[in-house]
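Engineer: All chains, full assembly: derive it from the sequences and hints.
Sequences listed follow chains A and B, in order.
According to this note's numbering, the first sequence holds residues 1 to 265 in order.
According to this note's numbering, the second sequence holds residues 1 to 265 in order.
Heads up, some of the hints might be wrong.
For identical chains, the list gives no copy identity; a pair is met inside one copy or between any two copies.
To be verified - Computed cross-link-like contacts, DMTMM-like style, restricted to lysine to aspartate or glutamate with a CA-CA straight-line distance of at most 20 angstroms: (1) 90 - 250; (2) 129 - 39; (3) 113 - 93; (4) 177 - 152; (5) 73 - 238; (6) 135 - 150; (7) 237 - 74; (8) 173 - 238; (9) 173 - 34; (10) 113 - 22; (11) 226 - 160; (12) 73 - 174; (13) 173 - 39; (14) 207 - 192; (15) 113 - 34; (16) 135 - 192; (17) 66 - 160; (18) 226 - 162; (19) 226 - 74.
Don't read these hints as lab results, they were simulated from the structure.
2 protein chains.
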Amino acid sequence: MISFLGPKGTFTHQAANILGDELIPYCTIPAVMESVANDETDFGVVPIENSIEGPVGITLDSLAHKFDLKIFKEIIIPINQNFIVNPGCKMEDIEDVYSHEQAIAQCREFIHKNNLQPHYAVSTANAAKSIVGDKSKAAIGNAKTVELYDLEILEANIQDTDNNATRFVVLSKDDHKITGNDKTSIIFSIYEDRPGGLYNILGIFQKNNINLTKIESRPSRRGLGKYLFFVDFNGHKDDEIIQNIISEIDENTYFLKVLGSYPEY
Amino acid sequence: MISFLGPKGTFTHQAANILGDELIPYCTIPAVMESVANDETDFGVVPIENSIEGPVGITLDSLAHKFDLKIFKEIIIPINQNFIVNPGCKMEDIEDVYSHEQAIAQCREFIHKNNLQPHYAVSTANAAKSIVGDKSKAAIGNAKTVELYDLEILEANIQDTDNNATRFVVLSKDDHKITGNDKTSIIFSIYEDRPGGLYNILGIFQKNNINLTKIESRPSRRGLGKYLFFVDFNGHKDDEIIQNIISEIDENTYFLKVLGSYPEY
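Structural biologist: Put into structure tokens, the structure is as follows:
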């Protein structure tokens, strides 16, 4: 059984479909994680970052502070946002457009150019559902919702830039065995009273010639200016060189959590 | 004239009030910035980061990609979230709670403990306005909204942690003159094909003994794994040591934008 951030028809649903057919939607990202932690489901699929809008804060925070889950896999999906209307509607009929905050942000130029009034909805799928039957309203979202609610795509690919992709993680109790083309994700906190904390940690990767594929900072919840760092890098935690790097980081940070190793997508 | 992210009664309104009385609310963060860029207003106040929820993406992205504005001042406000109800309501009357996505996220434990159904609103002030007259509904937000809409605080300080503070920036055409206790904010992009890019930049600060007060990564909009870095550090850009640091960073990055120097709050 696979849990995913619902409702049906979202981009997360599309990502979860790649894994299998036994899918259960959950309303929130922590609820997906809880279902895996409680053994209700074997895997949980949640978004972790978007190439335009950045990290999904609640995913990072929940992995850091609330759940001891591992990343088993990553899935990257190109995001194409569509302008969705009731059948037969034309652009000049539309005054209001509904979507999730991130999708609205990804289509700012389109919304501005067409003089539309943006409104936030809880998800792209909820937005599509909310416009059914009202010809002055449109939604922005995944093509899947069009089938679900008998709507039409008036214009496809309306996002501001073409580099729009979302990275999802598949969470489980255990991470993935070594494949030879792997990535590892860790979270750490530096000692703020020691100068050059982050510089010294990055130096450990540098001297071992290990390439970082991601670095994100998040507030550590202990006050402004205090951060957790989320770092992804090439290699598997069962590789000897990666084991040594992880122990050296452990000695030089006061918090370290290994989120696991998994095949690069 | 000072523009701020409205509506009235938000935490940004409270921050803008510290600067003066001639305040004009704007609906969105880019609209606040545009009012300063067009000389409609002299200063614009927007949130830039919260100690629990992290950076305000649209503020960082608009400063990086859309507007050439400077940071003239920073303001830090402790955020106390309140559980707001119609006069005379008790906890057992309430089923639904409305607020901005960030405020809902900041009060997750309170919402869970009291078995409330959370709903997103466009702002904390809109949430308060939307519950007027409905005794089964509550809002989460600033104490100011209670006066504006004749509501009551049923419980104060309901946020999950006590380190909840938001940092606002006051934007203008020019930054602040040197005061002796200043910070400087910059944005840069590293060459991804050169190993150790970020490590080398942090080394420039390290060897000059300059303390970083913030480091944030944001997607550069050129694809997953490509970042802009937002760095704040101690010192004013008119200091000779800071001038040298900025030129050395400029030589080693392919994009650099100095957002300005301003007194530390």
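Engineer: Could you run down the list of hints and mark each one as holding or not?
Structural biologist: How the hints compare with the structure:
no.: 1; hint: 90 - 250; in the structure: neither (59 angstroms within a copy, 49 angstroms between copies)
no.: 2; hint: 129 - 39; in the structure: neither (31 angstroms within a copy, 41 angstroms between copies)
no.: 3; hint: 113 - 93; in the structure: within (15 angstroms within a copy, 45 angstroms between copies)
no.: 4; hint: 177 - 152; in the structure: neither (43 angstroms within a copy, 56 angstroms between copies)
no.: 5; hint: 73 - 238; in the structure: within (16 angstroms within a copy, 48 angstroms between copies)
no.: 6; hint: 135 - 150; in the structure: within (13 angstroms within a copy, 36 angstroms between copies)
no.: 7; hint: 237 - 74; in the structure: within (16 angstroms within a copy, 42 angstroms between copies)
no.: 8; hint: 173 - 238; in the structure: within (17 angstroms within a copy, 53 angstroms between copies)
no.: 9; hint: 173 - 34; in the structure: within (11 angstroms within a copy, 48 angstroms between copies)
no.: 10; hint: 113 - 22; in the structure: neither (41 angstroms within a copy, 31 angstroms between copies)
no.: 11; hint: 226 - 160; in the structure: between (33 angstroms within a copy, 17 angstroms between copies)
no.: 12; hint: 73 - 174; in the structure: within (11 angstroms within a copy, 47 angstroms between copies)
no.: 13; hint: 173 - 39; in the structure: within (9 angstroms within a copy, 56 angstroms between copies)
no.: 14; hint: 207 - 192; in the structure: between (23 angstroms within a copy, 17 angstroms between copies)
no.: 15; hint: 113 - 34; in the structure: between (42 angstroms within a copy, 16 angstroms between copies)
no.: 16; hint: 135 - 192; in the structure: neither (56 angstroms within a copy, 47 angstroms between copies)
no.: 17; hint: 66 - 160; in the structure: between (35 angstroms within a copy, 13 angstroms between copies)
no.: 18; hint: 226 - 162; in the structure: between (34 angstroms within a copy, 14 angstroms between copies)
no.: 19; hint: 226 - 74; in the structure: between (28 angstroms within a copy, 17 angstroms between copies)
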